[in-house]
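Asker: Chain by chain, the residues run as shown.
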Amino acid sequence: MKTGEIANLLGGKLTGDSEVEIDLVAAFDNAAPREITFLEKKVDHGQTRASCVLVGEDFDGQLPCLIRLKNPKLAFAKIAAVLQPPKKNIAGVHPTAVLAKDAFLEKDVFIGAFVCIGENTQIGDRTQIRAGAKIGDSVRVGMDCVIHANVSIEDGATIGNGVILHPGVVIGADGFGYVRDGAAGYVKFPQIGAITIEDDVEIGANTCIDRGALGETRIGEGTKIDNMVQIAHNVQIGKRVIIASQTGISGSTVIEDDCVIGGQVGFGDHARVLSGAIIGSQAGILPGKIVRPGVWWGTPVQPLDEYKRQNAHLKGIARLKDEVKALRQEITALKEPGK
Amino acid sequence: MKTGEIANLLGGKLTGDSEVEIDLVAAFDNAAPREITFLEKKVDHGQTRASCVLVGEDFDGQLPCLIRLKNPKLAFAKIAAVLQPPKKNIAGVHPTAVLAKDAFLEKDVFIGAFVCIGENTQIGDRTQIRAGAKIGDSVRVGMDCVIHANVSIEDGATIGNGVILHPGVVIGADGFGYVRDGAAGYVKFPQIGAITIEDDVEIGANTCIDRGALGETRIGEGTKIDNMVQIAHNVQIGKRVIIASQTGISGSTVIEDDCVIGGQVGFGDHARVLSGAIIGSQAGILPGKIVRPGVWWGTPVQPLDEYKRQNAHLKGIARLKDEVKALRQEITALKEPGK
Amino acid sequence: MKTGEIANLLGGKLTGDSEVEIDLVAAFDNAAPREITFLEKKVDHGQTRASCVLVGEDFDGQLPCLIRLKNPKLAFAKIAAVLQPPKKNIAGVHPTAVLAKDAFLEKDVFIGAFVCIGENTQIGDRTQIRAGAKIGDSVRVGMDCVIHANVSIEDGATIGNGVILHPGVVIGADGFGYVRDGAAGYVKFPQIGAITIEDDVEIGANTCIDRGALGETRIGEGTKIDNMVQIAHNVQIGKRVIIASQTGISGSTVIEDDCVIGGQVGFGDHARVLSGAIIGSQAGILPGKIVRPGVWWGTPVQPLDEYKRQNAHLKGIARLKDEVKALRQEITALKEPGK
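Chains as they are written, first to last, in the numbering used here: chain A, 1 to 339; chain B, 1001 to 1339; chain C, 2001 to 2339.
These are calculated hints, taken from the structure and not from any lab test.
Yeah, the Cβ is synthetic: ideal placement off N, Cα and C, and Gly gets one too.
You may find that some hints are simply not true.
Unchecked claim - Partner residues are not named here, just some residues of chain C that face chain B (Cβ under 8 Å, in silico): (1) Asp2226; (2) Gln2282; (3) Ile2317; (4) Arg2328.
Unchecked claim - Not close to chain B: a few residues of chain C, all C-beta gaps over 12 Å, as computed: (5) Lys2013; (6) Leu2014; (7) Lys2041; (8) Gly2061; (9) Asn2120; (10) Gly2215; (11) Lys2224; (12) Asp2258; (13) Asp2269; (14) His2270; (15) Gly2288.
Assemble the whole structure, with the sequences as input and the hints as a guide.
Answerer: As structure tokens, then:
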């Protein structure tokens, strides 16, 4: 692809040769000729061998070939998807795969080795199902999905279009619910609800999303979930939510649209995070808590400002102790002036 | 099943038509006709289309058809297991499964596609082993178990009756133990011990339970473990213990019968939790700590009352600082009355 | 193996019969005749039926057959590897395995049932790949590795010699990186970098190590990683690092050689842990933080001494409050002596 074409595609303003061939994307420091890179800073402090650099509109430095645009990192992500699209296996069903008789594959589906597809399950156009994925009965997988190796999708799950499930993901396992029956121990509460993953969701390796107990677990459109995240029964995640690795969300908690959740955060059950909230890593949210928009931190979670103030107070306790000790001495002196 | 039969089975007192047919269970708000639901509250504040409602003995509201009993939620769980039992594949061995010559299947076992069963391994009556599960050598799996897709059970593990392992569970991998050999780095300490899962244990997706180093790792009867829990070598978990998601238990720690452990809790090694203790989510238990019965919270873990008191004190530091400042001014005034 | 041979092999000094046959290793308390065990304490306070005991050079107790050496636990680990080496399947390719035409197996490789090996992938001498492991295209696995059941290795990964990957490990999945495109949501940042696991690394069950975004993720020689650890894109882990279970390391963070990291620790992105640091369990390291050698604890992480002091201060707040209250009364008395 030529630099001129790239500038057109991205809607940027090219300075330099429009006929340079670009094959690959690369980081600024490691790029080679015939590669394109990007720079977020106004001035470059390094050197690059890249043949073309995407920069901001206010870029102030000197580079032989550059394209100015509003958001160079976003533009870089977009051109990377064109120049180096994710691997697509050629459509077809591997001879080792086991498909139920009434499983229905739409057009141009790829089914890898040792894949199982259950009864009454439907796989949408151009979806890729990699080796060893196990898809249960009555599952619906949309178009243009990539289901990676060793994923498990349990019966009745609904997966939208453009969904990516990384290796080891488990969708629709039973939630964790029991009723105590005295000395006899625990009786399993029914875990027979639905699980819906909307369009353009990406889910990281070994993440688990349980089905609803009686109701539904739902992950909203465009939401991105990192590795080893736990999402319990009946959780509702909105659209365009970001959830970093190892976070756990207890039953029936709601996270509304456009929230950003750090790593290793723990949510109690029946909490609600209002649209636009940002929650820092390792925070703990108590059951039933409502988290308003803004930046939150700590356990139990509090607004970042309060958290910082409290932390500063904590650091000041030693000084406070010394001061109280000094006051004690002065009062003693006042009371017993002769001493 | 008719409402009269259900009332008999559950030992409840029916008010209303005993001949209504019930097919399914459902949540109170979403139930449809021919479905049964339950209500834990004394009065209902909503409406249900369910044909029958399980309620407490002291229920005070108006419903066309209800069954009074001591614990309506428990009764609901029990009738759900009758009306909507978990899927059972028809017994048989899928032609793609690979069984060692001396693997021994008892009666009515189901073995799914791409399952491996190792040498000298025995699978009990009516146990279901779903697609892609890998079971090593000299493993003993009891009766009426469900081993879901892509589970791994390593050599020599012992699994009781009625055990459920959800997708991606790993039983009996090596524990994490090494001896430092100076500059040469770490030498693996032997991880050759036993791993025993007793009857009626349920283990959530992608949870890992390591084998003993030299001794045994054991999970007691009726214990329920959520997704992505880590249980290290030589841990002993008692009977009827509840462990929520993403909790980690270090080597040789003991959790006695009837404890309840929240999510994301971390246990140091060689700790001991006495029977009946309840530990809140995200708590941290130091190595060797003994946790007595009661409710515990925080890191390092402390009784919930103390935790709350300390948290209140923390919130009060700012006020304390102001008070000390005021005292300082008053003392200064006392010392220099002329000023 | 005879006790005399063992003493020679380990470089220890035997006291007792050099002709006793030893078959197995065992713990001190549970050992049987024909077994060898070890004791770290100077005097034994228990009884053992072991035929031989490895003890320290300053051992002071009475045992019928013992071998004195510098580090009895290390010696025990070494002799265990000789007496009870890990299982080795006989070399060969299981007929159900699916190998790409140009996959290249070196000498004495074992490939289990339902294994996939992609195009242009190379497996080194004596490496064992267990049932259900999925290895992508252009992967290089070194010699003497053990890849356990249901492991997923994505395209282009490089795995050194003597590496052990436990069941469910995911190597080289996409990292978690997106660029926000206003109301349209998130665009995937390219995750096309490299992933390198150096020699003698051991990785616990269900751990995930993502590939670099544009650069490389690297795990250094002799590093040992426990179960369910998350390692994000572009992380650099040095040599001989220990990382306990459920720890999460965000993008581009560097952990230098010979560090020890506890369980459930969370690292923000772009942090750096200098060689020799020890970080306690559940600690939280802020993005960009530099952690110097020494012992660290808490969130945000601080030197253990400071953490302890601060914790003691915290415990003292109640007393401080009482003292301030008393001062207030005394000052009031001083100001109004008549009252």
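Asker: Taking the earlier hints as the rules, which of them does this structure contradict?
Answerer: 11 and 12
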